[in-house]
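*Asks:* Okay, here's what each chain looks like letter by letter:
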Amino acid sequence: AQTVTQSQPEMSVQEAETVTLSCTYDTSESDYYLFWYKQPPSRQMILVIRQEAYKQQNATENRFSVNFQKAAKSFSLKISDSQLGDAAMYFCAYGETSGSRLTFGEGTQLTVNP
Amino acid sequence: GAVVSQHPSWVICKSGTSVKIECRSLDFQATTMFWYRQFPKQSLMLMATSNEGSKATYEQGVEKDKFLINHASLTLSTLTVTSAHPEDSSFYICSARDSRLPRELFFGEGSRLTVL
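Residue numbers (this note's numbering), protein chains in the order written: chain A, 1 to 114; chain B, 1001 to 1116.
Calculated directly from the structure, the hints in this document are not laboratory data.
Note that the structure is a prediction, hence the values are computed from the model and not measured.
Any given hint might turn out to be false.
Said to hold, decoys possible - Here are the computed distance ranges between Cβ atoms for each label pair:
1. 114/A - 1053/B: 14 to 24 Å
2. 1008/B - 72/A: 39 to 49 Å
3. 74/A - 1013/B: 35 to 45 Å
4. 1112/B - 47/A: 14 to 24 Å
5. 67/A - 1085/B: 38 to 48 Å
6. 1083/B - 16/A: 50 to 60 Å
To be verified - The calculated lysine-lysine pairs, modelled on BS3-like cross-linking and capped at a C-alpha distance of 27 Å, are:
7. 73/A - 1041/B
8. 1055/B - 1066/B
9. 1066/B - 1041/B
10. 1064/B - 1020/B
11. 78/A - 1041/B
Quick reminder that beta carbons are idealized off the backbone N, C-alpha and C, glycines included.
Can you build the whole structure from these sequences, using the hints too?
*Replies:* Below, the structure written as structure tokens:
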């Protein structure tokens, strides 16, 4: 079974600074997807970024980028120029290629200080 | 983007009663929907995978007789918590996969269940 581990229960960052959230996973599969989701106080899950395992290039979405290290099974999220609206719980997730079944990490609560 | 709607968003019920939560895909057909449970300050735990027109596949440890899932149409899946007890109080979230975009997954807003 796949597992996803987020070792940082809480992180904080100053507004406009950069922060990196860590995620490691375990799988025996060679093809899969990795995701970062944001869950604000409203509890609505919002997709931040997605990475296909077969792609070597790291995914980027505006201020959000990932550092995908397949051999190390590491998938960290970098948030640049942090904004107050980035404050939320962030979940790393592993997705099977066969059908969108996701396994989530424990989450990292991000606080952005003004 | 695609929208997935859950109803009700918040429900309180008495112990021993049954509660139904609906998950609808509003602008796409969802052959597969997923039901998650989330306790406060914890992660999402997959409960079951719901496929249109067939029986749901439950994760290990999830009581299928307690959490009844029905996926009768391509836009609607329901989760019924039968004979609810206070320990069933939780946040339930559904997600749906667009059959045209199999790698896309869309989440509902979640439903908070409180059992008194």
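*Asks:* Decide, hint by hint, whether the structure agrees.
*Replies:* Status of each hint after checking the structure:
1. The hinted range of 14 to 24 Å is not satisfied by residue 114/A and residue 1053/B, whose Cβ atoms lie roughly 52 Å apart.
2. The hinted window of 39 to 49 Å between residue 1008/B and residue 72/A holds, with their beta carbons roughly 44 Å apart.
3. Between residue 74/A and residue 1013/B the C-beta distance comes to about 43 Å, which sits within the given range of 35 to 45 Å.
4. Evaluation of the 14 to 24 Å hint for residue 1112/B and residue 47/A yields a pass: the beta carbon distance comes to about 22 Å.
5. Between residue 67/A and residue 1085/B the beta carbons are some 44 Å apart, a value that agrees with the proposed interval 38 to 48 Å.
6. The hint said 50 to 60 Å for the Cβ distance between residue 1083/B and residue 16/A, and at roughly 52 Å that hint holds.
7. Among the hinted pairs, residue 73/A with residue 1041/B is consistent with the structure: their alpha-carbon atoms are about 25 Å apart, no more than 27 Å.
8. Our distance criterion of 27 Å between C-alpha atoms is met by residue 1055/B and residue 1066/B, whose separation comes to about 15 Å.
9. Under the criterion of a C-alpha separation no larger than 27 Å, the hint pairing residue 1066/B with residue 1041/B is consistent with the structure, at around 24 Å.
10. For the given pair, residue 1064/B sits about 14 Å from residue 1020/B by alpha-carbon distance, which is consistent with the 27 Å threshold.
11. For the hint pairing residue 78/A with residue 1041/B, the CA-to-CA distance comes to about 22 Å; that is within 27 Å, so the pair holds.
Consistency note: the structure conflicts with earlier hint 1 alone.
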